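From first to last, the protein sequence lines stand for chains F and L.
Just so we're aligned, residue 1 is where the first sequence starts under the working numbering, counting upward by one.
Just so we're aligned, residue 1 is where the second sequence starts under the working numbering, counting upward by one.
No wet-lab data here; the hints were simulated from the structure.
Hints may contain errors.
Mimicking DSSO-like on lysine-lysine, the simulated pairs with C-alpha atoms at most 30 Å apart in a straight line are [said to hold, decoys possible]: (1) L:K128 with L:K71; (2) L:K173 with F:K344; (3) L:K128 with F:K54; (4) L:K172 with F:K343; (5) L:K172 with F:K344; (6) F:K64 with L:K172; (7) L:K172 with F:K54.
Bear in mind that the values here come from a model prediction, so they are computed numbers and not experimental data.
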Amino acid sequence: MESSIDSFPTKPQEQNTEVDFLFHYYDQEGVHSAVTGGIGTEKLNDYDSKIQIKMALDSVSQLKINGGINIYTSASTDRIDRIISSASKEDIQAQLYVAWEEAPVDKKYRYGLNMGGATESDYLSGSLGAFIAWESKDQSREWLLNSQVFFDRWQLFFPDELRGNPNTQVPTDRRNDFQLGLNLTQIIGPRLQASIGTDLSFQQGLLSTPFHRVYFPGEELARIERFPTTRFKIPIGLRLHYYFGDFLISRFFYRYYWDTFRLQSNTFQLGLGVKLGNACTFTPSYRYHQQQASIYFAPYQEQEVDALFYTSDYDLSSFSSQQWALGFKFTPLYGFGRWNYRKKTGLGIFKSWNWRFARYQRSDGLRAFVVSTGLSFNFLRKK
Amino acid sequence: MYLNRFLFLCFFLSSFCLAAQKSQFEIGLGSEFGWWVHELGSENPNAFSDLGVTKTHHTPAPFISSSWLWKLNRWKIGPSVQGGLFFETQMRTPSDSRDGWERIRIAKRDGFVPIFRYGIHIEYQLIKRGRYTLAPAFRYGAFQWNTLHPRQDNFGYKHFSEIIFYHIWHFKKRDLFLRMNYDTLRVFLKEKNNPFEKHYLYFWGTSFGIRF
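Extracted from the complex, chain L is given alone in its bound form (with noise of 0.2 Å):
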């Protein structure tokens, strides 16, 4: 299944490249907040979770991203990688308190989740007013990390989809930018407890960067 998906990715990227008229490299350096959530699973349609909720802090995850876009008009597309820093290094439990110390340890102490995704980017260019574009845009991809949670060879396919508006100032050689992104990464389980059980990270960030 994955195979397919990729050919398919791998076909549409060609075709697109053949008929695009040129091509921009861009790169980031931002940093995004969020937190990693493991919902253990609810059949009550009225209740969220019935088993509780593991979760991390609110962290900062500062990021560096790369992408490489071909330009079709006003749209633009390519692949794009992104590695990122995770700050943190347990999870709560549902029950855990100050009277009871229930963690589940992620990362080494004093350490971090390394996140790394790859993936596909589209972008579109919607409004272009003397140098400024604004331009929102569309990832989605696959990550790998490196993690110290006890399950992790129950961890499947984990993929990320991400919301970005690109804000745009265009000078002779370069582009520099602004970016706003939104970011949901999940994780698949290869066997569950329920049928409900997930992994889920979320994200909001900013960026800034140039394009050649």
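With the rest of the complex left out, here is chain F (with noise of 0.2 Å):
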């Protein structure tokens, strides 16, 4: 899906077909799990792969398939029911996306549409989204307009000892999240470039996850997490981009964020490409986000007893947090490696490899190591 924040948009490009694999190991350690009340470890790891293709359908337009399985092993779902190393400890995340984009020629817009699903143990996930973009005559300036639909369903598991109790009630199993998103691209002068836009979301259903615990002071039995049913998401982005030359880019990311749980945060980001020789590209960067708490947030045990709403999830508390990141490609000028197939009318090239570490660090105690890599592939056809 075209993201009006989260990058500058690109134009289908003619080449056959590529295809990138991706691997993404990430280690989480915490005290705050949602799961027990927002004590208890946060301990977590997740091992991600995904294959992604982009392939041209003719001259104008391409379709872009991602695929991706990601296995997670988890201490605090494992706590969802009283029996530690029980089948809550592991899941299985399986999610398949296909969007298809054209640019027709002499043009200056181009559109798309796009579908996909996803499938865990406890939700079904489908979405649809469209986006359509125009470019000024002297083609400086791009406004892109995209929207995306997700259609949730949960299965709902309550905390083992709620189970059956007239109280863990919900008001429904689906949720709904309809975004809509404006971003404008301006090209200012040779070297600069900015892009300002928002990604607003109406989310409606089942707000909240089923097996959270809250605690209530002077009540033994937690009672499960409460949310209103619906939630209006606002985010403000501004993205500007410099290149000092060849050799180096900068760029850097704002994000102001209000929502109607009154959540409310500030992102700064800072990065650089520097290129070491024709075929390396270093890549370091620097995060900042600094959150307000939603005001149905309190901690263990502080929670107003006649409070409609609760919660005790730190994602949702008063936080600060920063990470730190390294990344390298390598684009060899002729790829890796090079091979004919089909009867020598196709080549295939094994084009870029990258390799990315972050490390994330919160001010409530969370810390998360992240390692990434991908390999990429190009197929061409001769004619």
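From these two lone chains plus the hints, build me the complex, please.
This is the structure in structure tokens:
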């Protein structure tokens, strides 16, 4: 999906087929698990693998297919029931996403459709989306409008000790998410490119997580997390790219976020793209995030007893976080290797290999480490 | 009532076939994932099932499907059938927990629930570029299954609806497709404990296949 504030939009390229393989490992530790009421381990490991295929259908349109599976083990979801190292400790998520895009020749606009789905042990999700982008006559400005709808259905797992309790109720097992994004990209001089945009989001349905516990003072038994059935989100983002020359690019990003849960945040990110020779690019980056808590959040046993909506999920608390990342991308001029196929009418190229290491740290004690790598291949058809 | 529906469907299909230009046979193989939910019912609009929800685990259901489609301009229509295996043997009641094991058997131990669907397939060719076609489709029909659910005598008419997206690549003699689908199966009950009691099955899946 073309996202308004996460990246600059690009036109379909006239390469035949690109195939990317992505692998990602995530390791997390923390002490404020929402499953156990805001206390307890948040230890989690995630192993993610994806394949992304981009193929040209003709000279103006292309198809993108993204599929992936990730397996995660979580010490906190292992505590939904009282048997440790039970089936709730591990889970598998699978997703598939297909997008079609077209950029008519000699036209100043392009458009696309997308559809996808994902499945996990406790939810099913389907999505539909579309975008259209207009370019100015001098090609210095582009408007992008995109929309996305998600239709989710939960399978309800409540904490073990609260099952069969008449107070353990939720309003629905569905959640719908409607998103509308608008982005403006402007080239300001030969070295500077700017983008400003927003991705409005309206959520409806079951917005809490059914197996999150919330403890109240004076009550031995927890309650399940409870939220309003609607939530409106407004993020606004600004992106600046400055080209110092062929060897150095700087990327600045800022986003302000507010929603009807009264969560507010500011995010700053600065990154560099440094060319080390002809075949290697080094991409360090730093990200700082500051957040003000939702009005529904309170730590363990600090909720108001008569509160209508409540959570002890520290993702909705006040905190600041930092992320440092280092990336390397190797792109030899003629690729790492080439081979012919289909009786020498086709050419395969192992085009590039990239690595990224990131360290994430939050003021409430959550820490994470991420390693990811990607391999890119091109498959060209000779005429 | 069902006879009238069937006769109307036959008439509609026959009319379409007479006007259609050519036909195509499709066969596909894939898997979907989902669950079976029995909502025991609620009279409180703010509560999802006061009396609780009996449900299976999230379960894989591999399937094989086939359709015979007649083409008229951008439309295709025809009958479809699908056979699948729902690999689950029991449902958990609302109060099922580690201390109190309360399950309902729906299939033999280490077994599955076979589900056979039949209905009508309607497809529209939305986008065609080069050898590629994007075609959304809709299927509706009835299904039969073999289950050990203790209240199966109370199960009445069973129907399904399916939203599908076809990604089709055309070759000289055949077409290959990748299909994404989202299904809802519903079981009507002859007698209900309350007006809001219902059985549903939800699935999301993908499949690959060929068209001749």
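| task | Hints the structure violates: just list their numbers, smallest first. | result | Of the numbered hints, all hold.
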